[in-house]
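Dock chain B against chain A, hints included.
As given, the protein sequences belong to chains A and B, one line each in that order.
Counting from 106, one number per residue, gives the positions in the first sequence under this note's numbering.
Counting from 8, one number per residue, gives the positions in the second sequence under this note's numbering.
Derived by calculation from the structure, the hints in this document are not laboratory data.
You may find that some hints are simply not true.
Claimed, not checked - Using 27 Å as the maximum straight-line C-alpha spacing, the simulated DSSO-like pairs for lysine-lysine come out as follows: (1) A:Lys278 with B:Lys205; (2) A:Lys139 with B:Lys192; (3) B:Lys205 with A:Lys147; (4) A:Lys203 with A:Lys139; (5) A:Lys147 with B:Lys163; (6) B:Lys192 with A:Lys406; (7) A:Lys281 with B:Lys205; (8) A:Lys509 with A:Lys488; (9) A:Lys210 with B:Lys192; (10) A:Lys406 with B:Lys205; (11) B:Lys163 with A:Lys114; (12) A:Lys406 with A:Lys297; (13) A:Lys136 with B:Lys205.
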Amino acid sequence: MADAGRHPKITLHTMSEVAGVSGYVGNFTVKIVKRSRFVDEKACTSCGECAKVCPVVFPDEFNMGLSSRKAVYIPFPQAVPSAYVINMNECMGRGCSKCLDVCDKKCIHFHMSDEEIQVKVGSIVVATGLDPYDPREMDEYGYTRFENVITSLELERLINAGGPTRGEIIRPKDRKHPQSIGFIQCVGSRSKRKGGQYCSNICCMNTVKNSLVLKEHDPDMEIMVFYTDIRAFGKGFEDLYSRSRSLGVQYVRGLPGSVEEMSDGSMRVAVENTATGRIEFHDLDMLVLSIGMKPSSSTRKIQEMLGLQLTSDGFFLEAHPKLQPVDAATRGIFYAGCAEGPKDIKESVTQGSAAAARAIRLMHRGMVTTEPITSEVIEEFCKSCGKCAEVCPYNAIAVDVKKKTPAVVNSAACAGCGTCAAECAFNAIVMNHFTDDQILSQVDTLLAQKAEEKILTFACNWCSYAGADFAGVSRLQYPANVRLIRTMCSGRVDEKFIWHAFENGAPVVLVSGCHIGDCHYIDANHWTEKRIARVRKKMEKKGIRPERLQLAWISAAEGVRFAGVMNEMEALRRTVTKEEIQETINLLKGKESHENSDA
Amino acid sequence: MRTSLIEKTDGENSARIGVYVCRCGLNIARTVDCEKVARNISGMENVLISKEITYACSEPGQMEIKDDIREHGLNRIVVASCSPRLHEPTFRRMMLQADLNSYMLEMANLREQCSWVHMQEPLDATAKAEDLVRMSVSRVHLLRPLYEETIPLIKKTLVIGGGVAGIQAALDLADNGYEVMLVEKSASIGGTMAQLDKTFPTMDCSI
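Isolated chain A (complex conformation) (with noise of 0.2 Å):
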């Protein structure tokens, strides 16, 4: 910790936030929000006058409340930077600033305003790590009811010599100590009730260490752990383990179905031992429960803001789960820690230095190359009606609509979303490796033979496409007679794609993305979802029915949901017939201009 801070290569900024990124692999623009300390950070040296004499008392988050601090404060001694700040929300402000009388180095600055930083980066870790689970919706336990169920992360400050109580184990009721402790594990994992269906990874070992740290401080202590499995497979954990069971420790397979209060504040422990099917009741000082872990709070912004995926559980998606562990879809971007999953802090830190190799392969010569995938405007076409420029995501295309000038694409700035290409209704842009003719080249050869029993799917690379990827590694069982078309963003189906399916007998047409607020082109899906309802619209106004075109928001982690919606197109399907079929087909070619009518 004291590395980084010192560290003449790194610039660290506490208290700030990421607040808007843009660009891409090797030149991302990024916006940083850093909030005022009120103390400056430099100057300050950690005295702590100013906290001996603020009025102001406040829970101390960092001891999880167990203890106490002032409105002006430090997070705890070893902080980095080692320096003061005051949560303005509580302090008493000019009327009192006693702080601002008793620091000899004046750093103390009650007119101190946010801070915006712009920097840019070649690459970007995302190591945004975890929340703990909250137990309090978790109410059987009685955490919100008895003073003497606390949780691991609360007990971890009990026990520090460095804590609330230095070190000294006491319940929080009668500050007695506690001659019983029991533990109950997977309190928010593992459940599809409440907390999330996966395994937060260290819940087991950390109450096997916190078993053994107990017996140090007291070895006649009893301890309990009631489990549904004990999970000990890393390196030197079965050792711990065994330790902790030579210890005496007692390990119960079977997780508490009731909690109640006795009158000395001990808590009696329902538990059905699923080891022996008997009902057993265990009279305890004190319970742990042992959290799991959630996905920090700020995954959902920084998702956003950098166009990444989420699996099912709300952790960030990796591009592949073996051979790319740590890179993000996006080029540049990379993942560390918990901000991709549970995780020790041996894997962390593993993670972390992955992470690193991986940025620094990417940046050491210098230099990336850029897929040539972008869009081209054919000048003799374009009518400068601005359109392109109107619908791209990242301001890559320049129209001058007075002027009659046609568009023009910065390439390095184009990510080849295609959607600039789907809403021009004058054909002047050509989607590099996704051009209409290749496309519908792919429409024509599927709908060759027996159109009639084809599902044609437009999928998204990012999200449906690798959603379908998914469902296949999976094995996740569906209809044969899907077949995908890809295209980068479901941006870039054109209405005429659509069109022209319909035309050669397609019987039903769905396009697929990411879904909105998940768009790998920031929100180009927006203009998806709004063609799709155009052309549902005049499909109605033809006299098509346009529940014939679906559209369905997939992403990379929904397999299941990938199939189910290929089982509902197929039933969908099924309710088209051969005469509705040719009816649209006879409808649609004695229609030749409906292909310009885009806008």
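The following block gives chain B in isolation, referenced to the frame of chain A:
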């Protein structure tokens, strides 16, 4: 390996297409009749070679394709194997090694989106596989060579989050000479780790 190798004379169109239907061991071949697919595709316009191959991505597999490219002057390749999300970079590199533009390649996804999801319907899966390869052949006709652009890169990294993982990434980058900006939302770095007393499995302190 069973092959159906059909040579053709160069027609008016300059496209010379090679199609490789990968068995992926048995991952694809258990469900899809790869030999039949390769045989049926061989009749398509400008397809000079259409054959099944055991592992297209393996060294011998790539070598075989590269040899064919040289021997038959192929200029467009269809690899019908797994998801392009997995091996498109592999085959793009192979194209470059064979002095072809790496964008003259098209992949048909016969594994994740065919053999693995229609395991009980080998006939329908084979028909689908053939359709997918036909679509790829149609598309490969129309592909145009594209060239990657090399642009300068900023040798600087943003690390979001100052927990143990972020700190480690920042230190490794910085020790290698890269500028790092470490952004942490709270008043100190350290994250959840800093709150822990001892840590498993070695029982040492967290800070």
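Verification of the hints:
1. A:Lys278 with B:Lys205: The given pair, whose Cα atoms are some 25 Å apart, holds under the 27 Å limit.
2. A:Lys139 with B:Lys192: Judged against 27 Å, a Cα distance of about 8 Å means the pair holds.
3. B:Lys205 with A:Lys147: Since the Cα atoms of B:Lys205 and A:Lys147 sit roughly 31 Å apart, the hinted pair is violated (cutoff 27 Å).
4. A:Lys203 with A:Lys139: Distance ~26 Å between A:Lys203 and A:Lys139 Cα, so the pair holds.
5. A:Lys147 with B:Lys163: Roughly 23 Å between the alpha carbons, so the hint for A:Lys147 and B:Lys163 holds.
6. B:Lys192 with A:Lys406: holds (13 Å)
7. A:Lys281 with B:Lys205: Holds, because 23 Å separates the two Cα atoms, which is no more than 27 Å.
8. A:Lys509 with A:Lys488: holds (7 Å)
9. A:Lys210 with B:Lys192: holds (26 Å)
10. A:Lys406 with B:Lys205: violated (32 Å)
11. B:Lys163 with A:Lys114: holds (10 Å)
12. A:Lys406 with A:Lys297: holds (26 Å)
13. A:Lys136 with B:Lys205: violated (37 Å)
Checked against the numbered hints above, the structure breaks hints 3, 10 and 13 and satisfies the rest.
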